[in-house]
Every structure is written in structure tokens, then in C-alpha cells.
Amino acid sequence: MDIRDLKKQADLSYDVAVAKSNALEKALSRQQFAYCGHLFMANAETICLVKTLKELQQSSFYILDVNQNPVEIKDPQEFLDLLVKRNQETLNTYSNLYSELQKKF
Amino acid sequence: MTQGVLLFCFDTPEVKYHRVLERCVGLIQKNLKLEITVVTNIETFKRMKPMGMINYKLITNETGNKLLGKPWYQTERYMAYELSPYDTTLLLDIDYFCYTDNLLQLMETDQDFLIHDKAYDIVLGKQGLEFERDSMIPILWATVIVFKKTNYCKNIFELVKYIKQYWPYFCELYKLSFKNFRNDYAFSIAINHVNGYRMPNFLPGKLPTLTRTAEVLGFTDNGLIYRYQNTIGQLENQDVHVLNKELVNV
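Note that the protein sequences, when read in sequence, are chains A and B.
Residue numbers for the first sequence, in our numbering: 206 to 310.
Residue numbers for the second sequence, in our numbering: 4 to 253.
Keep in mind that the hints are not guaranteed to be accurate.
Output of the computed footprint for chain B on chain A, the stretches with three or more beta carbons under 8 Å from beta carbons of chain B [what the hints assert, rightly or not]:
# : region
1 : 225-236
2 : 243-256
3 : 282-296
Within a straight-line C-alpha distance of at most 30 Å, the following computed DSSO-like cross-link-like pairs (lysine-lysine) qualify [to be verified]:
#  : chain 1 : residue 1 : chain 2 : residue 2
4  : B       : K129      : B       : K152
5  : A       : K290      : B       : K36
6  : A       : K279      : B       : K152
7  : B       : K129      : A       : K213
8  : A       : K290      : B       : K129
9  : A       : K308      : B       : K178
10 : B       : K178      : A       : K225
11 : B       : K209      : B       : K49
12 : B       : K121      : A       : K225
13 : B       : K178      : B       : K121
14 : A       : K225      : B       : K152
15 : B       : K178      : A       : K212
16 : B       : K209      : A       : K225
17 : A       : K279      : B       : K151
18 : B       : K129      : A       : K225
19 : A       : K290      : B       : K69
20 : B       : K209      : A       : K290
21 : A       : K308      : B       : K209
22 : A       : K309      : B       : K129
Pair ranges (Cβ atoms, derived) [said to hold, decoys possible]:
#  : chain 1 : residue 1 : chain 2 : residue 2 : range
23 : B       : Y155      : A       : K225      : 36 to 42 Å
24 : A       : Q273      : B       : D104      : 24 to 30 Å
25 : B       : G221      : A       : L229      : 21 to 27 Å
26 : A       : L254      : B       : F222      : 50 to 56 Å
27 : B       : E218      : A       : K225      : 21 to 27 Å
28 : B       : K157      : A       : K212      : 53 to 59 Å
29 : B       : G72       : A       : A222      : 32 to 38 Å
I should point out that these hints are in silico values taken from the structure, not numbers from a laboratory.
We treat Cβ as the ideally placed atom computed from N, Cα and C, and that holds for glycine.
Take the sequences, apply the hints, and build the full model.
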């Protein structure tokens with residue numbers, strides 16, 4: 206392999222990796238949202254926990270916010286809907302950015 | 004319950020910070036739509052262009068503090084508690100550009116005081132900035148602070164004032180390598196004390212930062228373009244804290 210091609214490939218890979226990292230960070234910052242006066246991340250962990258507790262047919266339950274403070278969730282369906290909506294909004298944007306990055310190779 | 008943004012802006016002989024303020028205010032008006040109060044001095048105020056419905060508080064600021072050998076007037080941040088007219092205040096650095104409405108979420112919490120404990124280097128695509136290890140205590144980032152008018156917050160700001168007054172002593176005590184007054188360290192120390200040397204509540208996520216090594220080439224409607232070494236990068240719909248003060252000339 207030509208050393209110039211190799212350097213070009215390495216530079217491109219680095220730039221794409223940084224851009225991907227920034228796109229992910231942008232998505233994660235968008236996943237922060239407030240509910241019942243507390244902050245949560247609309248990520249897979251929160252969604253799975255809320256869905257699991259809701260499926261156990263609990264009308265209300267307690268979870269921890271991002272700073273490990275307890276919060277009573279009185280309307281699990283409303284909370285779950287907001288979590289999923291926010292999560293998919295951010296991942297949709299991330300997916301579009303990721304697709305653009307893949308085209309650079 | 005009133006909510007609003009509080010900004011501090013003082014021109015120095017070398018940097019026309021009011022130009023940065025004008026850009027910052029425009030983005031807040033567009034994306035956050037919160038009431039804004041600007042703390043400034045009369046000289047800087049006279050240079051500002053009309054920016055719509057803005058509250059101004061004119062003070063006489065201290066001079067003499069420096070950053071990288073150049074004048075840097077930012078030692079009045081401890082006054083934010085008494086100067087803020089809001090129940091919940093978003094205290095922002097003027098070089099933090101809100102290209103999203105993400106910060107609005109932070110205004111809806113019950114927490115008294117929130118601050119970032121992590122920063123993200125956009126240029127290198129990784130968590131952490133180079134100088135954050137230059138002290139005995141973890142550095143907090145005073146760029147974005149949300150606080151309410153409570154006794155807890157009042158104590159934090161009064162302690163920042165005290166720390167500022169005896170800055171050389173606290174530099175020695177906490178082994179700070181940054182000898183000029185810096186709000187990040189002052190708030191880190193104050194919060195450390197007020198919380199009984201335990202971790203308080205932090206803002207989730209990381210402070211997105213464009214470091215000094217990156218040069219801002221231009222601004223678009225929803226972001227900015229920067230150059231780092233041989234790479235041109237573009238940020239869109241993403242909040243960013245820009246450290247390179249040359250952006251006033253863009």
C-alpha cells in the first residue's frame with residue numbers, strides 16, 4: 206500500500222471517529238429531560254426500567270433521577286411515552302448523522 | 004415563579020466581549036425565549052447595539068485579573084445571587100452559544116443548584132479538557148449554572164466571594180496551578196465546602212467545549228464552522244462553549 210494512501214485513510218478514519226463521537230454526544234445531551242421536578246436521561250436503561258415496573262402492574266413506583274434522588278412516578282404511561290419520544294427523536298437525528306458519516310468511506 | 008438568564012459582560016482593552024454577548028443574546032432569544040438580564044459596566048453598555056427587551060444592571064467591575072497574560076474581567080460572578088431578579092436563574096458565560104433549547108429542561112427541576120462536573124472536548128471527540136487536573140479537587144465548570152433563590156445557593160455565592168478575597172491562600176490550599184482568579188475553581192471550592200466535602204447534584208451530560216486550539220471560521224443560522232489543524236468541522240443544532248476569544252473578530 207502507498208504510504209500516502211495509508212495516511213489519507215488514517216486521517217479520514219480519525220475525522221470520522223471524532224465526528225461520530227460528537228454526534229453521539231449531541232444525541233446524549235438531547236436525552237436529558239425534566240419530569241416531576243427531576244432530571245432523567247431518556248436512554249435504554251431508563252426506558253427498560255420504567256417499562257418493566259409498569260408491566261408489573263404497579264400504578265405508581267419510585268425510581269432514581271440522574272443524581273440518585275428518589276422520585277415517585279405517578280403516571281407511568283405518560284412518563285414512558287415521553288421517554289420513548291425523546292429517545293427516538295435523538296436516535297433518529299444520530300442515525301441521520303451516522304449515515305452521512307458512512308458515506309465518507 | 005420567575006425564570007430568566009443572567010449574563011455578565013465586560014469589554015477589555017483587547018477583546019470586545021460585547022460582540023460575543025450580542026451573538027449569545029440572539030441565540031437565547033431564538034432558542035430559549037427566556038427573559039434576559041445583562042450585568043455590565045457603563046463603557047461596555049455604550050458599545051452594545053440594541054438587542055430588544057433586555058434588562059441591564061450597571062456595575063463598576065474590578066480590573067486586573069488576567070488570562071494567558073491578557074486582561075480578563077470576570078471576577079463579579081459571585082454577585083449573581085443578589086443581582087438576579089429571578090426565582091430560577093440560568094447563569095451563562097457569554098461564550099456559551101445555545102443552538103438548541105436543551106437548557107430549558109434544566110429550569111424545570113426542583114434542584115437548588117446545578118453545575119457541570121464534566122466537559123467534552125469537541126475537537127478531540129473525548130471527555131475531559133487538558134487543564135482540569137491542575138488542582139487537588141475535581142474541577143466544576145461554572146459556564147452553565149442553574150440556581151434558585153434559596154439559603155443554600157446564597158451560601159455558595161457568599162463563599163465564592165470569600166474565596167475570591169483570599170484567592171492566593173486558596174490557591175495554595177488546593178494546589179491550584181492557575182494563579183489568576185478563575186470562577187471554575189472558586190465554585191468548585193465553594194461547593195465542596197458547602198456540601199460538607201461531598202458531591203452535590205450535577206447537571207447531567209458534559210459541557211460541550213470548543214477548545215482554544217480550534218479557530219472559529221464562521222457562524223451559520225444553526226451552528227458554527229471551525230478549523231483545527233488541517234480539519235474543518237461544523238457544528239449544527241448543538242450547544243457549544245467556545246474558548247477561543249478570537250471569535251469576536253468573526
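Hint check results:
1. 225-236: Contact hint for the region 225-236 of chain A vs chain B: holds, 8 residues under 8 Å.
2. 243-256: holds (count 3)
3. 282-296: This one is violated; 0 residues, fewer than the three required, reach chain B with a Cβ under 8 Å.
4. B/K129 with B/K152: violated (35 Å)
5. A/K290 with B/K36: holds (23 Å)
6. A/K279 with B/K152: holds (28 Å)
7. B/K129 with A/K213: holds (22 Å)
8. A/K290 with B/K129: It holds: about 27 Å lies between the C-alpha atoms, which stays within 30 Å.
9. A/K308 with B/K178: violated (48 Å)
10. B/K178 with A/K225: violated (37 Å)
11. B/K209 with B/K49: violated (35 Å)
12. B/K121 with A/K225: Since the Cα atoms of B/K121 and A/K225 sit roughly 19 Å apart, the hinted pair holds (cutoff 30 Å).
13. B/K178 with B/K121: Cα-Cα ~20 Å, so holds.
14. A/K225 with B/K152: Given that 30 Å is the threshold and the Cα spacing comes to 40 Å, the pair is violated.
15. B/K178 with A/K212: Outside the cut-off at roughly 42 Å; violated.
16. B/K209 with A/K225: holds (16 Å)
17. A/K279 with B/K151: holds (26 Å)
18. B/K129 with A/K225: With Cα atoms ~11 Å apart, B/K129 and A/K225 stay inside 30 Å; holds.
19. A/K290 with B/K69: With a Cα-Cα distance of about 46 Å, the restraint between A/K290 and B/K69 is violated, given a limit of 30 Å.
20. B/K209 with A/K290: Holds - the C-alpha atoms of A/K290 and B/K209 are around 22 Å apart, at most 30 Å.
21. A/K308 with B/K209: Between A/K308 and B/K209 the Cα gap is close to 28 Å, so the pair holds against 30 Å.
22. A/K309 with B/K129: holds (21 Å)
23. B/Y155 with A/K225: 36 to 42 Å: Hint holds: Cβ distance 40 Å, inside 36 to 42 Å.
24. A/Q273 with B/D104: 24 to 30 Å: Taking Cβ atoms as reference, A/Q273 and B/D104 lie about 26 Å apart, which means the hint holds.
25. B/G221 with A/L229: 21 to 27 Å: Given range 21 to 27 Å: holds, Cβ gap about 25 Å.
26. A/L254 with B/F222: 50 to 56 Å: Since the Cβ atoms of A/L254 and B/F222 sit about 41 Å apart, the hinted range of 50 to 56 Å is violated.
27. B/E218 with A/K225: 21 to 27 Å: holds (23 Å)
28. B/K157 with A/K212: 53 to 59 Å: The hint (53 to 59 Å, Cβ to Cβ) holds, given that B/K157 and A/K212 are roughly 57 Å apart.
29. B/G72 with A/A222: 32 to 38 Å: holds (35 Å)
The structure does not agree with the numbered hints 3, 4, 9, 10, 11, 14, 15, 19, 26 stated previously, though it agrees with the rest.
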